[in-house]
Amino acid sequence: MNDEMPGFFKSLFVAFVLVVSVLLSRGASAQPDSVVISGRVLNLTPRLYREAPAITFTRNNILQPQSELTRQAPLQADGSFTITMPLIYPQEEVYLDYGGKVYTTFLAAPGELQLTFDADSMYKAKRLFYYAGVNAGANNQYIQYMTEEGRLMKQNKRYGEAFFDTFWDLDAGDARQALQRRADLRMSALLPLSQKGGVSPDLRKWVEAIVSEEQLSALYEHALVTDTEVNKATEDSLRRLAAGVMTFQRVQWVVRFGDYADRLLEKRAYQNPTRSKSLRVETMAELIKRYIKPLSAEETGRLNSMIQQGSATTSELDFLNRLYARDRRTMDLVTLIEKKNRAYADEFGQTATDLLNARLLVQRFYQLSLSEQELLYDYIKTKIEVPAIAQSLNELYQLEVKDSLYIRLIGQRTDLTATPTEVLSGIWLSQSRDNGKDWLKNIQQLYGGRTLYVLKWNLFDDQSRNEVLYAPALRAQLPADVEFLYIHLPDTETVNSPELWKKFIVRNKLKGVHMFVNESQAAQLMFKLNPLAYSTYSIIAPNGKYYSRNAQSPSNGQRAAQAILDARRGR
0 MNDEMPGFFK SLFVAFVLVV SVLLSRGASA QPDSVVISGR VLNLTPRLYR
50 EAPAITFTRN NILQPQSELT RQAPLQADGS FTITMPLIYP QEEVYLDYGG
100 KVYTTFLAAP GELQLTFDAD SMYKAKRLFY YAGVNAGANN QYIQYMTEEG
150 RLMKQNKRYG EAFFDTFWDL DAGDARQALQ RRADLRMSAL LPLSQKGGVS
200 PDLRKWVEAI VSEEQLSALY EHALVTDTEV NKATEDSLRR LAAGVMTFQR
250 VQWVVRFGDY ADRLLEKRAY QNPTRSKSLR VETMAELIKR YIKPLSAEET
300 GRLNSMIQQG SATTSELDFL NRLYARDRRT MDLVTLIEKK NRAYADEFGQ
350 TATDLLNARL LVQRFYQLSL SEQELLYDYI KTKIEVPAIA QSLNELYQLE
400 VKDSLYIRLI GQRTDLTATP TEVLSGIWLS QSRDNGKDWL KNIQQLYGGR
450 TLYVLKWNLF DDQSRNEVLY APALRAQLPA DVEFLYIHLP DTETVNSPEL
500 WKKFIVRNKL KGVHMFVNES QAAQLMFKLN PLAYSTYSII APNGKYYSRN
550 AQSPSNGQRA AQAILDARRG R
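The opening residue of the sequence shown carries number 0 in numbering that gives the first Met the number 0; numbering runs sequentially from there.
Please keep in mind that the hints were generated in silico from the structure rather than gathered at the bench. Treat the hints with caution; some may be incorrect.
Between beta-carbon pairs, the in silico distance windows are [unchecked claim]:
#, residue 1, residue 2, range
1, ARG432, LYS231, 34 to 44 Å
2, ARG49, TYR129, 17 to 27 Å
3, ARG262, TYR129, 21 to 31 Å
Keeping only pairs whose Cα atoms sit at most 20 Å apart, straight-line, the calculated EDC-like set for lysine to aspartate or glutamate is [as the list claims (entries may be wrong)]:
#, residue 1, residue 2
4, LYS339, GLU234
5, LYS544, ASP565
6, LYS380, ASP331
7, LYS440, ASP480
8, LYS510, GLU421
9, LYS508, GLU482
10, LYS544, ASP437
11, LYS100, ASP77
12, LYS125, GLU148
13, LYS195, GLU147
14, LYS231, GLU213
15, LYS288, GLU337
16, LYS508, ASP461
17, LYS156, ASP183
18, LYS527, GLU498
19, LYS382, GLU371
20, LYS100, ASP117
21, LYS339, GLU285
22, LYS231, GLU346
23, LYS231, ASP261
24, LYS339, GLU373
25, LYS510, GLU482
26, LYS292, GLU281
27, LYS288, ASP261
28, LYS231, ASP173
29, LYS100, GLU147
30, LYS436, GLU373
31, LYS338, GLU384
32, LYS125, GLU147
Bear in mind that the values here come from a model prediction, so they are computed numbers and not experimental data. C-beta: ideal position from N, C-alpha, C; glycine also.
Let's have the full structure, built from the sequences with the hints guiding it.
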């Protein structure tokens, strides 16, 4: 190693050497199966190869609609490619994106799957993709099914294209009947295939999963809109989440169910506030015994007595409170999980309870330090019995901690200044007590002559936090001379943690320039950054002037990219 290499990057090199062994030691959940996807882009020209040298494959995780479950398959000179993707469910949808030029969906399963398409036919062929290997029958027939379904949806607008225009006004019984008619319409799109040699069993199962889970998603959303409760049959359907076909529609169903469960538990807590706020004495004593360290022999004995008796005197409750206060943060976290787990179990079956417990942790990842994530993951995974949900949680947890050594090293840095510092490749961090207006002006001067896409966000604001997760995909569509400037605005109602800010940036590979702005700096930037609000975006042209103060968000990928490119060209 070069003796002139800065000490921090030497530390990163050591971290890189160690990270593999650390990851191998984590997460004992059963390993998922994999599909090997290979194929070829026919008639790949040198120009097309330069424009799009790789194919991106993406799949879902049931616990998080927006996660980095992607693999890039680099193209060889002859257009061939190979990639391996892990799978949790027996069959899963996979989404192909070739450089933003063509897209498709196919059904994967453990084994080998081959696909080919002709670059000369990308914009004119009725059927572009051809499949072999696992699920070949379903994948080769899928385009025919989609074409027929699209025709039926246009032909029968009441249960097709215009269905949701009136659906939300129906009562619960009529809503179920209407959804069944829509399901019958969608399933009838298989009829032409059955008349021409038969429908692949895998395609039928795939379509049945999509159609039935659209019904379930709509029923839960209808219950939310109308402030009603679903019937037992709808609730019992949650057991199917343990197996079956993993589709984007299933993810949408889980999102709707999660929102419904949150609302239902809020109602139950209002109806019975004491139960929602308390834990049994023996449960609290067990948690304190497990998480408060060190304990004396006398303290352990008193806790064991309370666990055995299931009760406590007033003085013993005071004793529990004193022990609790020794590590209030940890105890607050684990008691929250325990209270939620009990509430879930009171309302739902095992599959739904497992799902909601896992979802609870995933939704809070961004709020937790690495050590807190590990503590709660180890605690929650012991409660989850459904293998597919346990593996889904483990998959997301491993993504959270895979850069843990880098996150710790960067979190310990105290040398960040107003001038952005590159802490990892392409990630530049900036912290300062300077006047906010002067600070931003200096950064604009550093990147003079370049187009800037400005993202105003806060880690604890759900909308803006979710939006910045789309930024890497947007950035990938743009030339290298476009820079992203992330301005983290303060929140007066929460603690603004630089450590969690750094962790989130590194974890999600948010390449660009980052400013961590305090309240006084935000006030100084009020006119310069107008509108000064979370989840607002702007574009600064290469001449340093605003091209747009109300630009498209990162989730509006194509429109946002086009506006940035127009600013870059001076249009």
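(Q) Given the hinted pair LYS288 and GLU337, is their Cα-Cα distance within 20 Å? (A) Since the Cα atoms of LYS288 and GLU337 sit roughly 15 Å apart, the hinted pair holds (cutoff 20 Å).
Q) Does the alpha-carbon distance linking LYS339 and GLU285 stay inside the 20 Å limit? A) Within the cut-off at roughly 17 Å; holds.
Q.
With the threshold set at 20 Å, check whether the alpha-carbon distance from LYS292 to GLU281 stays at or below it.
A. This hinted pair holds, its Cα atoms lying about 18 Å apart.
Q: Would you mind confirming whether the straight-line C-alpha gap from LYS510 to GLU482 stays at or under 20 Å?
A: Judged against 20 Å, a Cα distance of about 9 Å means the pair holds.
Q. Is the Cα-Cα distance between LYS195 and GLU147 20 Å or less?
A. 13 Å, holds
Q.
Would the hint linking LYS527 and GLU498 be met if the CA-CA limit is 20 Å?
A. 27 Å, violated
**Q.** Straight-line alpha-carbon gap LYS100 to ASP117, limit 20 Å
**A.** 13 Å, holds
Q. Can the suggested window of 21 to 31 Å be confirmed for the beta-carbon pair ARG262 and TYR129?
A. 46 Å, violated
Q. Keeping to a limit of 20 Å between CA atoms, is the pair of LYS231 and GLU213 held or broken?
A. 18 Å, holds
Q. Straight-line Cα separation of LYS380 and ASP331 no greater than 20 Å?
A. Holds, at about 18 Å.
Q: Given the hint that LYS231 pairs with ASP173, test it: the Cα-Cα distance must not exceed 20 Å.
A: At roughly 17 Å apart (the allowed maximum being 20 Å), ASP173 and LYS231 satisfy the hint.
Q) Between LYS125 and GLU147, does the CA-CA distance stay at or below 20 Å? A) 13 Å, holds
When each numbered hint is compared with the structure, violations occur for hints 1, 3, 18, 27, 29, 30.
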